Amino acid sequence: MIGTIRSAIGAGSADYVEVRVQESSASGVQYTGKELESIGRRAGLGGSVRAMVKGGWGFTSFNQVEELPRFVRAACDQARLAGRGFAGLAPVDPVKETVAAAPEVDPRRVTLEQKQELCERYNKIILSSPKIQTSNVVYRDSVVREYLVTSYGTELVQETCFAGAMVAAVAKDGSNVQQAYDSVGDLRGYQIVEGREEVCEAVARRAADLLSADPPEAGPYTVVIDPKLCGVFVHEAFGHLSAADAIHENQRLCKLMSIGRRFGPDTLNIYDHPRMPGEAGYYAYDAEGTAGGKTYLIRDGVLASRLHSRQTAAMMNEKPTGNARCLSYSFAPIVRMSNTCMEPREHSFEQLLDGVENGIYAVGSMGGQTDMEMFTFSAEEGYEIKNGKLGRKLRDVVLSGNVFHTLANIEMIGDDFRIYGGLGGCGKGEQAPLRVSDGGPSVRIKNVLVGGR
Amino acid sequence: MNPDGLIDTVLSKAGAAADAAEVFYESSESRPVEFENNKLKYVSTKSERGVGLRVIKDGRIGFSSTSDFARLDELVENALESAKFGQQAKFELPASCEPAEVETYDENVAAFTTRQMTELGSEMIHQVLARYPEVQCSADVSASVGDERIANTNGLDLGHRSTTFTISVTALEVNDDGLLWVGDGRTSSLLLQDTTKITNKVTADLDLARKEAVVSTGVYPAIFTPDAMATLFISLSEGVNGKLVQKGASPLAGKLGEQILDQRLSVFDDALIDYAASSAPHDTEGLRSARTALIEKGVLKNYLFDLQTAGTMDAEPTGNGLRHYEAQPTPGDNNTIIRPGETPFEEMLSGTRRGLLVSSMLGGATGNTLAGDFSVNLELGFLIENGALAGRVKNCMVFGNIYDLLRDGIIAIGDTPEMKGSLSMPHFWFKGISAGAQ
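Going line by line, the protein sequences match chains A and B. If you read the first sequence in this note's numbering, its first letter stands for residue 12, the second for the next number, and so on. If you read the second sequence in this note's numbering, its first letter stands for residue -14, the second for the next number, and so on.
It is worth saying that the hints were derived from the structure and are not from the lab. Here the structure is a predicted model, which means the values were calculated and not measured. Treat the hints with caution; some may be incorrect.
Just the calculated beta-carbon pair ranges, DEER-fashion [claimed, not checked]:
hint : chain 1 : residue 1 : chain 2 : residue 2 : range
1    : A       : Asn187    : B       : Arg100    : 54 to 62 Å
2    : A       : Asp220    : B       : Arg392    : 21 to 29 Å
3    : A       : Ile270    : B       : Glu119    : 21 to 29 Å
4    : B       : Asn371    : A       : Lys266    : 36 to 44 Å
5    : A       : Glu205    : B       : Met298    : 55 to 63 Å
6    : A       : Asp365    : B       : Gln244    : 49 to 57 Å
7    : B       : Glu92     : A       : Val116    : 50 to 58 Å
8    : A       : Gln262    : B       : Met298    : 56 to 64 Å
9    : A       : Asp220    : B       : Met298    : 26 to 34 Å
10   : B       : Arg392    : A       : Ser223    : 17 to 25 Å
11   : A       : Ser223    : B       : Gln244    : 55 to 63 Å
12   : B       : Asp299    : A       : Asn187    : 26 to 34 Å
13   : A       : Lys266    : B       : Gly372    : 36 to 44 Å
14   : A       : Lys45     : B       : Glu88     : 40 to 48 Å
Just so you know, even glycine gets a beta-carbon here, dropped at the ideal spot from N, CA and C.
Use the sequences and the hints to build the structure in full.
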């Protein structure tokens, strides 16, 4: 395949040409309520060509891989339509390497029947729990072999093997409907989806308990967020704004985001790191063939660096960080996060609660959204904190902040670091869900706006 | 392999091994051009196709899909393997269909050149920059042609071609206190060349946001724009989804015929509007498309079904089986039409002494949408004072329950619906919305 692609690249001429071909196979099982909604395997084959002329890009994506030279020519022609500016791409060393997937238990060696039995078992646990109306149990795996050849001499074969499972419970009492879920998913192998019976019981219990919980009273609170919500907080509150493509051509935004600007306390460190083996956001080389590495976005509370593709790095005269990613061959690479984490510090959970007179402990995540400045992140459940002690349970705990203020309101960072992947992922433009992991410890933040009901 | 040959091959192989088989073939060519930071950045062509195979064997449903047409034997084997575990089929594949008459194809979209698209994008950006030279714009213009084929072993063989044209522009304004994004766009089967409506909306929002205003925590009368209402209507779309009704997860389950919302409210699912983004002569299972009343004068009239869900519920299918080739059909919305009221926006505004105008929201999909609860950040919202807009409100959350609001909270419904994409929505004026502020 590499040889075929290499010769096809010669079919067009541009300042830069990049060809990607992906072969994939996937399997999945989904139970919703009593019914097995879907089960089976599927296959895929597709490719894309990206060409750059004078800073403008042409892009073609296709399934007819046998017609590759035609798509190379078309991408080059389209790039000429777009190109009228600066042609720079930050230099990276060409690589010729094969990166094999390394799952402990390869999901391709597990039969469809075993996957179905696993999901059925989890589904039964949830459905047989009190007050549960319906369920959702999803298993998914996918193996992707990606060939990447660039006109700079990079020839990469990278294989990834993802497996994950999500279990959700819906509890209902009249028109009161409450949900809880748990999701695992990363590159470690099939074993991570096994042995989750207790998790299923806990999910069903959480959903049922939420039926009798009250929403909080709206207003600003001191909140303690758990490691899972902290990961989402880091991702939404800061990660998206640290992507250089958002700011590189905007002088005012560059000024707001100048390296060295203080965002949080001295104790705050945030990084992105693709090469965390097994994590959902793992990759050795990004979609342009740049080696992934650890990038501190915030170090000792100040802006330390940002996430780059080769083009944004060249335009800002910084080093590429290996963060150009695409959801699949259908999409051109854009700057994305990988595994994004807040580093833990020394405080115990009890210390985080201590001294909080009237606060909220927010646990788990229903997701988040940002417009780069303001952001929301939703907890799965919450608890009142009264005089340093956890009190009654709360539902509909949605937190909201502003990147230029909220990070500075971090009062204490815990010692209980955890990182989470899952079946979901990150969205940017049309490209969602992209596999990522988010991580952090429990954190105490003052003056966070919480919505109510 | 051309689609005819492929469909014949797959149907005959699968038909020989199963009781019934159905092929869904999809291909599309879309040509997006993208502008970033006021400049043309990407010119793309996406030519993609794939095939999904559904079989019924020993009464059970099996499914697989592929975009690798060299592996069709594997496609058939995978679908048959899946049928060993699959659900009991509660339907029969339709043997024929008389497609509804609705226009979904505009040859002007297919013929619109990439150069013309880049000119349209430049035009939108220039229109915004002419008023606001300091902002940075991104713009997307995309023309695509899609083909669908559905054929099954009961004799059905349907083909359908449609065009989709999308234009949008977003402006980013940056000042020392933060960022402001405003954008607008349209999607249709028709070629859209009038950009002024879109760019006027963007510059009007930039005008309005120049001044900032502060609100305190409390309950305010509020006007929701069609864009903001679209976010809240996610809940209603889930509520009438036959699948969620069948599972008992929808809060609307068991309420057919009940007065659940304000009697001024009527909502339709309509696939028969010429050139609307989600119109089609038939659904993706080969059922004739329809116009279905969901809510009429506040009374819940229908849920939306695909074949299997309707069969499971012993209900009439509504022609709402939707899918891409990679997945089995599932109940989905076509165009959602909210019947307008009689009140002009200006009257809502002038009738508000102190309240909020909610234009767009952040975090709408992350709450408990199934229950209708929302708790969102005002991405773009304004304070209304004495009948006029007094400034942009930031760092403020609004929250409530959409079912409660639409039942007891409506002051008036706007008289001018906006059709964007597949949703036709007027303004809504509510008595009281809870807001939380710093």
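- Item | Beta-carbon spacing of serine 223/A to glutamine 244/B - inside the hinted bounds 55 to 63 Å or not | violated, 28 Å
- So does aspartate 220/A sit 26 to 34 Å from methionine 298/B, Cβ to Cβ? With Cβ atoms ~30 Å apart, the hint holds.
- Query: Can the suggested window of 26 to 34 Å be confirmed for the beta-carbon pair aspartate 299/B and asparagine 187/A?
  - Reply: holds, 27 Å
- Consistency of beta-carbon spacing, methionine 298/B to glutamine 262/A, with hint 56 to 64 Å: Between glutamine 262/A and methionine 298/B, where Cβ atoms are some 59 Å apart, the hint holds.
- Task: Note whether the CB distance of aspartate 365/A and glutamine 244/B lies within 49 to 57 Å or breaks it.
- Result: The hint (49 to 57 Å, Cβ to Cβ) holds, given that aspartate 365/A and glutamine 244/B are roughly 52 Å apart.
- Item | Cβ distance range 40 to 48 Å for lysine 45/A and glutamate 88/B, holds or violated | holds, 42 Å
- Query: So the hint says 50 to 58 Å: do the beta-carbon atoms of glutamate 92/B and valine 116/A match that?
  - Reply: Holds - the Cβ-Cβ distance for glutamate 92/B and valine 116/A, about 54 Å, lies within 50 to 58 Å.
- Range hint 17 to 25 Å (beta carbons of arginine 392/B and serine 223/A) holds or violated: holds, 24 Å
- Item | Outcome of range test on Cβ distance (isoleucine 270/A, glutamate 119/B; 21 to 29 Å) | For isoleucine 270/A and glutamate 119/B the Cβ distance comes to about 24 Å; the hint holds.
- So the hint says 54 to 62 Å: do the beta-carbon atoms of asparagine 187/A and arginine 100/B match that? holds, 56 Å
- Message: Does the beta carbon distance between aspartate 220/A and arginine 392/B stay inside 21 to 29 Å, or does it fall outside?
- Response: holds, 28 Å
- Task: Starting from the hint 36 to 44 Å, judge whether the C-beta atoms of asparagine 371/B and lysine 266/A obey it.
- Result: holds, 38 Å
Going through the hint list in order, the structure does not satisfy hints 5 and 11.
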